[in-house]
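This note's numbering numbers the first residue of the sequence shown as 1 and each following residue consecutively.
Treat the hints with care, since some could be wrong.
Computed beta-carbon distance windows for the label pairs [claimed, not checked]: (1) Cys79 with Arg202: 41 to 47 Å; (2) Ala18 with Trp424: 21 to 27 Å; (3) Pro237 with Pro278: 25 to 31 Å; (4) Arg379 with Leu357: 29 to 35 Å.
Because the hints were derived from the structure by calculation, they are not lab data.
Glycine residues also receive a C-beta, built at the ideal position from the N, C-alpha and C atoms.
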Amino acid sequence: MTTSDLSITGNPQRLLLAAVVVGLGARAWVIQHGTGHAFAVDELFDTLAWNLATLGQFTLDGVSPAAHVGPLYPMVLACFYAVVGHRPEWVPVLHVIFDVGAAWCIYRVGTSLWGSRIGAWTAALMFLYPAYWTYDPRIRNEALLTLLISLWLWAAVICAQRPSSRRCVVMGFAAGATILCKPVTLVLAVLLAGLLWIGPERFMQRIGYVAVYGTTCLVLVAPWSLRNYLELHHLIPVSAGIGAGLWMGSDPVSRGSWPMSPGREQAIWESAGITPLPYAHAMYDVQTDQLLHKKGMARIAADPLGYVGLMFTRVWDFWIGNAFYLVNDEEGLTQGLQKDAAERGWFVTSYGLIKRLLLVPGLILVAICSAWIYRARWRDLLPLYLFPVGLTAGYVPFTVEAGRYVLPVLPCVMMLAMALIPYWQTIRSRATRRHASVQTTSV
Numbered sequence: 001m002t003t004s005d006l007s008i009t010g011n012p013q014r015l016l017l018a019a020v021v022v023g024l025g026a027r028a029w030v031i032q033h034g035t036g037h038a039f040a041v042d043e044l045f046d047t048l049a050w051n052l053a054t055l056g057q058f059t060l061d062g063v064s065p066a067a068h069v070g071p072l073y074p075m076v077l078a079c080f081y082a083v084v085g086h087r088p089e090w091v092p093v094l095h096v097i098f099d100v101g102a103a104w105c106i107y108r109v110g111t112s113l114w115g116s117r118i119g120a121w122t123a124a125l126m127f128l129y130p131a132y133w134t135y136d137p138r139i140r141n142e143a144l145l146t147l148l149i150s151l152w153l154w155a156a157v158i159c160a161q162r163p164s165s166r167r168c169v170v171m172g173f174a175a176g177a178t179i180l181c182k183p184v185t186l187v188l189a190v191l192l193a194g195l196l197w198i199g200p201e202r203f204m205q206r207i208g209y210v211a212v213y214g215t216t217c218l219v220l221v222a223p224w225s226l227r228n229y230l231e232l233h234h235l236i237p238v239s240a241g242i243g244a245g246l247w248m249g250s251d252p253v254s255r256g257s258w259p260m261s262p263g264r265e266q267a268i269w270e271s272a273g274i275t276p277l278p279y280a281h282a283m284y285d286v287q288t289d290q291l292l293h294k295k296g297m298a299r300i301a302a303d304p305l306g307y308v309g310l311m312f313t314r315v316w317d318f319w320i321g322n323a324f325y326l327v328n329d330e331e332g333l334t335q336g337l338q339k340d341a342a343e344r345g346w347f348v349t350s351y352g353l354i355k356r357l358l359l360v361p362g363l364i365l366v367a368i369c370s371a372w373i374y375r376a377r378w379r380d381l382l383p384l385y386l387f388p389v390g391l392t393a394g395y396v397p398f399t400v401e402a403g404r405y406v407l408p409v410l411p412c413v414m415m416l417a418m419a420l421i422p423y424w425q426t427i428r429s430r431a432t433r434r435h436a437s438v439q440t441t442s443v
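Can you build the whole structure from these sequences, using the hints too?
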């Protein structure tokens, strides 16, 4: 059986083009009518990018060097500002370009594994999935991260099918760029090094592939790590911020997962002795981050099993969302839904709840079934398994973020779910032919 023998309604290219047109219209509507709500990290990215564009320095105050976040997104945003000027309201256009690029990469991944039809259906589903385009109005790096991970996934799939030194270079470049965008992907980069060990090639050849992949990745990441050490006198591989994650993530009252109410978040920082905060993202300053790192590790050492329990809750929060994320309230489901509906309307509130409690878990279950059905192809499909596992393993132990951060790897789940369509079509076709054969024999 080949994918080309199967029929899915519609021409793949036309389907993808139609999805892009509809998705662009949805994004344009959100950009035009969005509330413009911004978080502290939006101000952080905007300030870093504008100072980089005007001063040529990675700094928040124009004097002290910064290492709050990975440098890649501020650099891209700085290049954008250098061309159009300081126009944060135009940034959503940049994010839409990232979304189109990510959809194209996912299309290529699906085409490499199952053919153009599965690639088109998955890319269309991704581009039309509301969670991607509702975040576009904000100055965030999720859109760029999704593009980079999609490109990295494409490189990993091709490398797993037929590895070569050139493909390992591309894979290492994608890994390094993604790490510079979001440091938690370091865990994923290490996991994917194992992908190159399981091929049928000779042992020394596999060592060479891993070396090429790792060296290419280090060529991108090491210079920034050296800069951080020289400027800040601390070993910071990519960015500061792990201390804040360890301190807040080990807090048993909050269940160690953001978002939470502003009052509870303030109480956590007060208990660390770092308030009043001079600005919203002050906890990521290097000295403060080092202090929170020590305090967080001390609290984890005092109750390691408790921290393991918090990590398990964050796995759920990462994929589904915590209670505050789901209903925007800590005082119960009913009151939270009423409050959320008053702010966003019952349609949006109901959709958000159904999406998190039914749609995403349903996609995961279908993807697991698909992985079992296609278990004979596990080597080719291994990147689709490693990327969700690797990103989860990077976020859960070291951060407190939850909810939207699953978006960069959700296409892996979507693709596995879409891959069941030709399988069930084949089963139905065989059943139809068998039934027709029985009827013919009876006659």
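Here's how the hints hold up against the structure:
no. : hint                           : in the structure
1   : Cys79 with Arg202: 41 to 47 Å  : holds (43 Å)
2   : Ala18 with Trp424: 21 to 27 Å  : holds (23 Å)
3   : Pro237 with Pro278: 25 to 31 Å : holds (26 Å)
4   : Arg379 with Leu357: 29 to 35 Å : holds (34 Å)
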